[in-house]
Amino acid sequence: MFHNKLDDVDVKILNILQKDASTPIKEIAKEIKLSVSPCWNRIQKLQTAGFIKHKTAILDYEKIGYSNRTFIFIKTSQHKQNWSENFKKYILKQSQVIGLYRISGTYDYIIDVLSYNMKDFDKFYQNLINNVEVFEVTSSFIMETMKETTEIPILNNINH
Numbered sequence: 001m002f003h004n005k006l007d008d009v010d011v012k013i014l015n016i017l018q019k020d021a022s023t024p025i026k027e028i029a030k031e032i033k034l035s036v037s038p039c040w041n042r043i044q045k046l047q048t049a050g051f052i053k054h055k056t057a058i059l060d061y062e063k064i065g066y067s068n069r070t071f072i073f074i075k076t077s078q079h080k081q082n083w084s085e086n087f088k089k090y091i092l093k094q095s096q097v098i099g100l101y102r103i104s105g106t107y108d109y110i111i112d113v114l115s116y117n118m119k120d121f122d123k124f125y126q127n128l129i130n131n132v133e134v135f136e137v138t139s140s141f142i143m144e145t146m147k148e149t150t151e152i153p154i155l156n157n158i159n160h
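Each residue of the sequence shown is one higher than the one before, counting from 1 in this note's numbering.
No lab work stands behind these hints, which were simulated from the structure alone.
Be aware that one or more of the hints could be misleading.
[What the hints assert, rightly or not] Label-pair restraints from in silico Cβ distances: (1) Q126 with A21: 33 to 39 Å; (2) N86 with K147: 32 to 38 Å; (3) D60 with S35: 34 to 40 Å; (4) V132 with P153: 33 to 39 Å; (5) T106 with P153: 25 to 31 Å; (6) Q44 with I129: 27 to 33 Å; (7) K5 with V132: 20 to 26 Å; (8) S35 with G99: 38 to 44 Å; (9) S35 with D122: 54 to 60 Å; (10) A49 with F135: 19 to 25 Å; (11) V11 with S95: 31 to 37 Å.
[As the list claims (entries may be wrong)] Straight line, CA to CA, 30 Å or less: simulated DSBU-like cross-link-like pairs of lysine-lysine: (12) K12 with K53; (13) K45 with K19; (14) K80 with K55; (15) K53 with K119; (16) K19 with K5; (17) K45 with K5; (18) K26 with K55; (19) K75 with K19; (20) K5 with K33.
Beta carbons: idealized from backbone N, C-alpha and C, even for Gly.
I would like the entire structure built from these sequences, with the hints used as guidance.
Laid out in structure tokens, this is it:
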């Protein structure tokens, strides 16, 4: 197991856990045809090696009351380390931010933001442009989610 490769058993375990991280070890062991102890050991090794970052529940943001999900595209003229660190620090403090990505192409960053309504989003937006020096900001509201998954396709025996 490991040394830059996953075997078939590792892949099966990871696929089961991706679908439902609360699957009991006994059930996983039965499905992959291992006894409970070796199955548990494999899962522990996958966690220790960093293949499993953490186990979590995925919530439905609309049921919680958020009606808007927005991708905010940021272009900056500031490419100095200090600006980037301050930008990241500010964004990570905002509780409604569920993703922050530094990207290549026309824009430099994408911020994934939840808001209860347009007024709530505008408050976030105004705070952003008043607290962070940016060159350009563009927002795109999610109109329809056509596919959204946290499951990562795993190819057997690939180098990592």
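Going through the hints against the structure:
For the hinted restraint 33 to 39 Å between Q126 and A21, the CB-CB distance of approximately 38 Å keeps it satisfied. The beta-carbon spacing between N86 and K147, approximately 34 Å, falls within the hinted interval of 32 to 38 Å. D60 and S35 have their C-beta atoms about 36 Å apart, which keeps the hinted 34 to 40 Å range intact. At about 35 Å, the CB distance of V132 to P153 agrees with the hint of 33 to 39 Å.
Distance hint for T106 and P153: a CB-CB separation of about 28 Å, consistent with the stated range 25 to 31 Å. Taken as a hint, the range 27 to 33 Å is violated for the pair Q44 and I129, whose Cβ atoms sit roughly 46 Å apart. The given range of 20 to 26 Å is broken by K5 and V132, whose C-beta atoms sit roughly 43 Å from each other. Between S35 and G99 the beta carbons are some 39 Å apart, a value that agrees with the proposed interval 38 to 44 Å.
Checking the proposed 54 to 60 Å range against S35 and D122 shows it holds: the Cβ atoms sit about 57 Å from each other. The hinted window of 19 to 25 Å between A49 and F135 is violated, with their beta carbons roughly 41 Å apart. Between V11 and S95, the C-beta spacing of about 36 Å keeps the proposed range 31 to 37 Å intact. Proximity of K12 to K53 is assessed by CA-CA distance (about 17 Å); at most 30 Å being required, the pair is judged to hold.
Pair hint K45 plus K19 holds up; C-alpha atoms about 19 Å apart against a cutoff of 30 Å. Using a Cα cut-off of 30 Å, the hinted pair K80 and K55 is violated, with the two alpha carbons roughly 35 Å apart. Note on K53 and K119: the hinted pairing is violated, with a Cα-Cα distance of about 35 Å set against a maximum of 30 Å. Proximity of K19 to K5 is assessed by CA-CA distance (about 21 Å); at most 30 Å being required, the pair is judged to hold.
About 13 Å separates the Cα atoms of K45 and K5, which keeps this hinted pair within 30 Å; it holds. For the hint pairing K26 with K55, the CA-to-CA distance comes to about 17 Å; that is within 30 Å, so the pair holds. Annotation: proposed proximity of K75 to K19 is violated, straight-line Cα distance about 36 Å (limit 30 Å). A distance of roughly 20 Å separates the Cα atoms of K5 and K33; the hinted pair therefore holds under the 30 Å criterion.
Hints 6, 7, 10, 14, 15, 19 from the earlier list are contradicted by this structure; the remaining hints agree with it.
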